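Participant: Protein chains in written order, with my numbering: chain X, 257 to 585; chain G, 257 to 585.
Hint data in this document are derived by calculation from the structure and do not stem from the laboratory.
Just so you know, these numbers come straight off a predicted model, no measurement behind them.
Keep in mind that the hints are not guaranteed to be accurate.
Copies of the same chain look alike in the list, so a pair counts if it fits in one copy or across any two.
Claimed, not checked - DMTMM-like, lysine to aspartate or glutamate: derived pairs with alpha carbons at most 20 Å apart:
#	residue 1	residue 2
1	391	411
2	458	473
3	391	339
4	391	337
5	530	501
6	361	580
Number of protein chains: 2
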Amino acid sequence: MGIDKNKKIVGVDLGGTTFTVGIMDFNGNILSSVDTDTPVENGPSAVMGKILDNIDLAINEAKLSREDILGVGLGAPGILDVERGINIFSPNLKWHNVDMVTPIKDYLNVPVFIENDVRVAALGERRFGAGKGRKYMIFIALGTGIGSGIIINGELFRGSIGGGGEIGHMVIDSNGPKCNCGNYGCFESLAAGPSMVARAEKAIKSGLETKVFELAERNIGNITPAIIYQAAKLGDKVALDVFRETSFYLGLGLVTLTTVFNPECIIIGGGIAKSWDILMPPAIQMVKTRSFPGSRDVVEIIPSQLGDSAGMIGACVLAIEKLEKEEEL
Amino acid sequence: MGIDKNKKIVGVDLGGTTFTVGIMDFNGNILSSVDTDTPVENGPSAVMGKILDNIDLAINEAKLSREDILGVGLGAPGILDVERGINIFSPNLKWHNVDMVTPIKDYLNVPVFIENDVRVAALGERRFGAGKGRKYMIFIALGTGIGSGIIINGELFRGSIGGGGEIGHMVIDSNGPKCNCGNYGCFESLAAGPSMVARAEKAIKSGLETKVFELAERNIGNITPAIIYQAAKLGDKVALDVFRETSFYLGLGLVTLTTVFNPECIIIGGGIAKSWDILMPPAIQMVKTRSFPGSRDVVEIIPSQLGDSAGMIGACVLAIEKLEKEEEL
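So that you can see chain X by itself, here it is in the shape it has in the complex:
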């Protein structure tokens, strides 16, 4: 009893602000894709209802019917019980114990699989993106926080209770600042987007002249990593200093990951990765000189190929690989 690979897969990439529903075939071709805002303020059932609506839209857009769908994958932020299909806690969605599987399963009558959003992006990159054929890889999402999806010996690494890969909270500086998690000196408190904004703010408040402030319309609240990048591209000294410091801490974290995991590659995605040309060369240089010998020679640090689609494509891959595994058994 094989699975019918002529059928299609639905992938849902659920974020706290927007979400994407897409339809993919088994070869990685995206047949349709629907983006809308996530109605978080209306509560979980409104969000789940909107997901069902958009699944229908995506099916129609691909000129398919519900019978053509073989399974659904769903990537979401938060701590998930993937066996029971429950989102136990997601600060982004403001959810506690939300059943993400049953509504979709009841609607489409096909298997539905869920997994943490960064982990599904890793699965996407591994099957159809920058990590093709890799058995040992780390996908890193660099944004407001720093998350990862880690592949070990070809398998997604989850840890004993699904907490594995929380690399944003590695300690990289014993005297570092307090992090949202309560710990000090965490990787993400020193290398994620908010740390960049905080560095720029500090420079402005100390009276330094910078294009960052102008580009933010002289309103500190408007500063974003993208604005700092824009200023850095114009040669602004403050912006370049912000990047220099961020690259240093990013490099330290990548050194630890290279040394401990000995991966074939580390794939960098997420919003901040878009400033690759300024952010990454110094960090890569650190990896190549300061990681453990052997591991530093083999590791490749490369950008995401799937970009903003990594989550949706990865959600489809989650479903494909679960269905393939069930078929093998």
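Could you slot chain G onto chain X? The hints should help.
Facilitator: This is chain G only, laid out in the frame that chain X set:
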């Protein structure tokens, strides 16, 4: 064609100073054990010859003959090519590209398996020690350096080219001291034995009174972690300060490992673990408060059960598990 579990296994724990050869049955009973110095200065063939001699001694001591042996496991320091049976480079043994398998295989005519010494200790603890039944665990050897053997989903984690688990060279302090590996702020440069000795030396040189100096017969070159522990047990303030600082950095490293790997347990072995009552409580407290939520709640930090025998028993377990796996195929 099953394997004959009435036969016995030879385990070799090869160190740069001493080595142990033992015979074990499939239930973990040690039937004999022979310890001698490692004749490192006479070169690799002298060492391999001495291993063969001691295998015969151990077989005789157990009142067995060579025909009773089903396989040999060998744990050794250094970077190993486990497929080809070669010790590529070991600073401790002063070896480059030494074939560790062929001499034993030719002598006993049974399969011989090699693996890094800390990894085999992890296998030993998992099967017959503190990690029984664990699928996600980290064994840490705390000594002159800090090494680890990591079990993920029941399997030994090696990384893409066998460099995985080099936790001694995680960066835990962005402004930390230079490490032997060339990097700065490495875990082992802040939490292994030599860092303890350096802290005590610094205190003595700054003119502080301490029992450490007396116990070392007023010779700084005699200071060891064991002497610092002895002084700490007597309430010596300098020794207690050395432990306080070491526990802090040890705790930081354990926080990162707990957060990234989400293990069921971390088992601590090696010489320095013998000062558990002073060293470990503050480090465990850090893990329980500063690691990522969820992971910090499940992790148990526990002492090695096999102690100094972990390497020899683990070498036997390496052979047992390789033979069992071959049988399954």
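Participant: All hints are to be evaluated individually against the structure, with a verdict given for each.
Facilitator: We went through each hint and held it up to the structure:
1. Taking CA atoms no more than 20 Å apart as the test, residue 391 paired with residue 411 passes in both settings, with 8 Å inside one copy and 15 Å between copies.
2. Proximity of residue 458 to residue 473 under the C-alpha cut-off of 20 Å is restricted to the intra-copy arrangement: shortest distance 17 Å within a copy versus 53 Å between copies.
3. For the homomeric pair residue 391 and residue 339, the shortest alpha-carbon distance between copies (18 Å) is at most 20 Å, but the shortest distance inside one copy (24 Å) is not.
4. Only between protomers do residue 391 and residue 337 lie at most 20 Å apart by alpha-carbon distance; the minimum there is 19 Å, versus 25 Å within a single protomer.
5. Taking the shortest alpha-carbon separations for residue 530 and residue 501, only the intra-copy value of 17 Å comes in at or below 20 Å, while the best inter-copy value is 40 Å.
6. In the homo-oligomer, the alpha carbons of residue 361 and residue 580 lie at most 20 Å apart inside one protomer (18 Å), although the nearest pairing across protomers, at 41 Å, exceeds that limit.
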